[in-house]
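Chemist: Spelled out from the first residue to the last, the chains are:
Number of protein chains: 2
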Amino acid sequence: METLKRKILDEGRLLDGHILKVDNFLNHQIDVRLLDAIGAEFARRFDGEAIDKILTIEASGIAVAVAASPHFDHAPVVFAKKTQSLNLDGEAYESSVYSYTKQVTYKVRVSKRYLRAGERVLIIDDFLANGAAATGLIDIVRQAGAVPVAVGIVIEKGFQPGRSKVQDAGVRVESLAVIKSFDDNRVHFD
Amino acid sequence: METLKRKILDEGRLLDGHILKVDNFLNHQIDVRLLDAIGAEFARRFDGEAIDKILTIEASGIAVAVAASPHFDHAPVVFAKKTQSLNLDGEAYESSVYSYTKQVTYKVRVSKRYLRAGERVLIIDDFLANGAAATGLIDIVRQAGAVPVAVGIVIEKGFQPGRSKVQDAGVRVESLAVIKSFDDNRVHFD
Numbered sequence: 001m002e003t004l005k006r007k008i009l010d011e012g013r014l015l016d017g018h019i020l021k022v023d024n025f026l027n028h029q030i031d032v033r034l035l036d037a038i039g040a041e042f043a044r045r046f047d048g049e050a051i052d053k054i055l056t057i058e059a060s061g062i063a064v065a066v067a068a069s070p071h072f073d074h075a076p077v078v079f080a081k082k083t084q085s086l087n088l089d090g091e092a093y094e095s096s097v098y099s100y101t102k103q104v105t106y107k108v109r110v111s112k113r114y115l116r117a118g119e120r121v122l123i124i125d126d127f128l129a130n131g132a133a134a135t136g137l138i139d140i141v142r143q144a145g146a147v148p149v150a151v152g153i154v155i156e157k158g159f160q161p162g163r164s165k166v167q168d169a170g171v172r173v174e175s176l177a178v179i180k181s182f183d184d185n186r187v188h189f190d
Numbered sequence: 001m002e003t004l005k006r007k008i009l010d011e012g013r014l015l016d017g018h019i020l021k022v023d024n025f026l027n028h029q030i031d032v033r034l035l036d037a038i039g040a041e042f043a044r045r046f047d048g049e050a051i052d053k054i055l056t057i058e059a060s061g062i063a064v065a066v067a068a069s070p071h072f073d074h075a076p077v078v079f080a081k082k083t084q085s086l087n088l089d090g091e092a093y094e095s096s097v098y099s100y101t102k103q104v105t106y107k108v109r110v111s112k113r114y115l116r117a118g119e120r121v122l123i124i125d126d127f128l129a130n131g132a133a134a135t136g137l138i139d140i141v142r143q144a145g146a147v148p149v150a151v152g153i154v155i156e157k158g159f160q161p162g163r164s165k166v167q168d169a170g171v172r173v174e175s176l177a178v179i180k181s182f183d184d185n186r187v188h189f190d
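Sequence lines, in order, name chains U and C.
Heads up: the first sequence begins at 1 in UniProt numbering, then just goes up one per residue.
Heads up: the second sequence begins at 1 in UniProt numbering, then just goes up one per residue.
Hint data in this document are derived by calculation from the structure and do not stem from the laboratory.
Warning: the hint list may mix true and false statements.
Which copy is meant is left open, so a pair is good if it fits within one copy or across any two.
DSS-like mimics (lysine-lysine), calculated; alpha carbons at most 25 angstroms apart, straight line [unchecked claim]: (1) 102 / 165; (2) 7 / 112; (3) 82 / 21; (4) 5 / 21; (5) 112 / 21; (6) 112 / 102; (7) 180 / 7; (8) 165 / 82; (9) 82 / 102; (10) 180 / 5; (11) 107 / 82.
With these hints in hand, go ahead and build the complete structure from the sequences.
Modeler: Structure (structure tokens):
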């Protein structure tokens, strides 16, 4: 997706040669016009797939999923919660996710009310790197007896194992911008 | 806003007589069609106000703000961050917010990159109760030399002091559903 790649090159900031900050349009300030185009592109790539629900994870994934929903006939969005003080009354599906960035393992949870057996679920997230969040969400979808149709990603670090982990779990991945390397302190796309 | 009130009555759940859970359409599962109507209603109420930016707070506020943005000429959304491990490189505006629900004080922060002097800012959040988050965001907007044009709220607990705290800070409040009481274990609107 050229507009996205252009935005990453123009407004992304590379810290310490390996941390890509896209706070200018995705993770802190949000360019909603771009997100709408991202949602349209997901719809194009997943054309023909029946999607009952979009699952994402707080916080940054929420914006991407909400902007994508109108392009999937306003499929309801469910966001997995990370916090310990969960305040999810009733039962929840739960999976453990290791954050390489923060070097901690946290739980992600989705109330059993909001995932039903047989539902066809599109998982959406802003980044794919090591695949911990994506595979955690796939695990949760399967616990519910629902179907993880695909994983849609805005920015993938193609040199990290996330994609192969999701594919090993038997789920299709589509990423709108795949970064090949940060060589020479610059972003290079596939 | 009648569709919203109907939704609260039909799908909200009142726990322990005073905790209103709207996880079915706002705080965990998200009804994006409803959010779009909510965005349109905010635009109607703030018609004539020039808005440069929409400010909200993670996590639930993000969905409301992103859905509202297209109704404000796709104004950029900025969400204040709550986490301690903030990962905001560079300087940030910061305010302290006391959570009555969790009985802790936490910091909210917005990078100085994303609020500029003179910008006209619409603050949006899902709930208004004691006004701690809203006044914290007003404080941050003013630290930046920007203008807090108004606070737009989806659900207000009208029997709590949030509205008067925001008005005491000199800022207009518009809430789409104002709850008068939870008497007899039921939701009553103003």
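Chemist: None of the hints should be skipped; say for each whether it holds.
Modeler: Here is what the structure says about each hint:
In the homo-oligomer, the alpha carbons of residue 102 and residue 165 lie at most 25 angstroms apart inside one protomer (20 angstroms), although the nearest pairing across protomers, at 36 angstroms, exceeds that limit. Taking the shortest alpha-carbon separations for residue 7 and residue 112, only the inter-copy value of 20 angstroms comes in at or below 25 angstroms, while the best intra-copy value is 38 angstroms. Within a single copy, residue 82 and residue 21 get their C-alpha atoms as close as 21 angstroms, and across copies as close as 18 angstroms, so both meet the 25 angstroms cut-off. Within a single copy, residue 5 and residue 21 get their C-alpha atoms as close as 14 angstroms, which meets the 25 angstroms cut-off; across copies the closest is 40 angstroms, which misses it.
For the homomeric pair residue 112 and residue 21, the shortest alpha-carbon distance between copies (15 angstroms) is at most 25 angstroms, but the shortest distance inside one copy (34 angstroms) is not. Proximity of residue 112 and residue 102 under a CA criterion of 25 angstroms is satisfied inter-copy only: 23 angstroms between copies versus 28 angstroms inside one chain copy. For the homomeric pair residue 180 and residue 7, the shortest alpha-carbon distance inside one copy (16 angstroms) is at most 25 angstroms, but the shortest distance between copies (46 angstroms) is not. Taking the shortest Cα distances, residue 165 and residue 82 sit within 25 angstroms of each other inside one copy (21 angstroms), while across copies they are farther apart (30 angstroms).
Within a single copy, residue 82 and residue 102 get their C-alpha atoms as close as 13 angstroms, and across copies as close as 15 angstroms, so both meet the 25 angstroms cut-off. For the identical chains of this complex, residue 180 and residue 5 are intra-copy neighbours only, at 12 angstroms inside a copy versus 49 angstroms across copies, given an alpha-carbon limit of 25 angstroms. Taking CA atoms no more than 25 angstroms apart as the test, residue 107 paired with residue 82 passes in both settings, with 6 angstroms inside one copy and 18 angstroms between copies.
Hint compliance for this structure: every hint is met.
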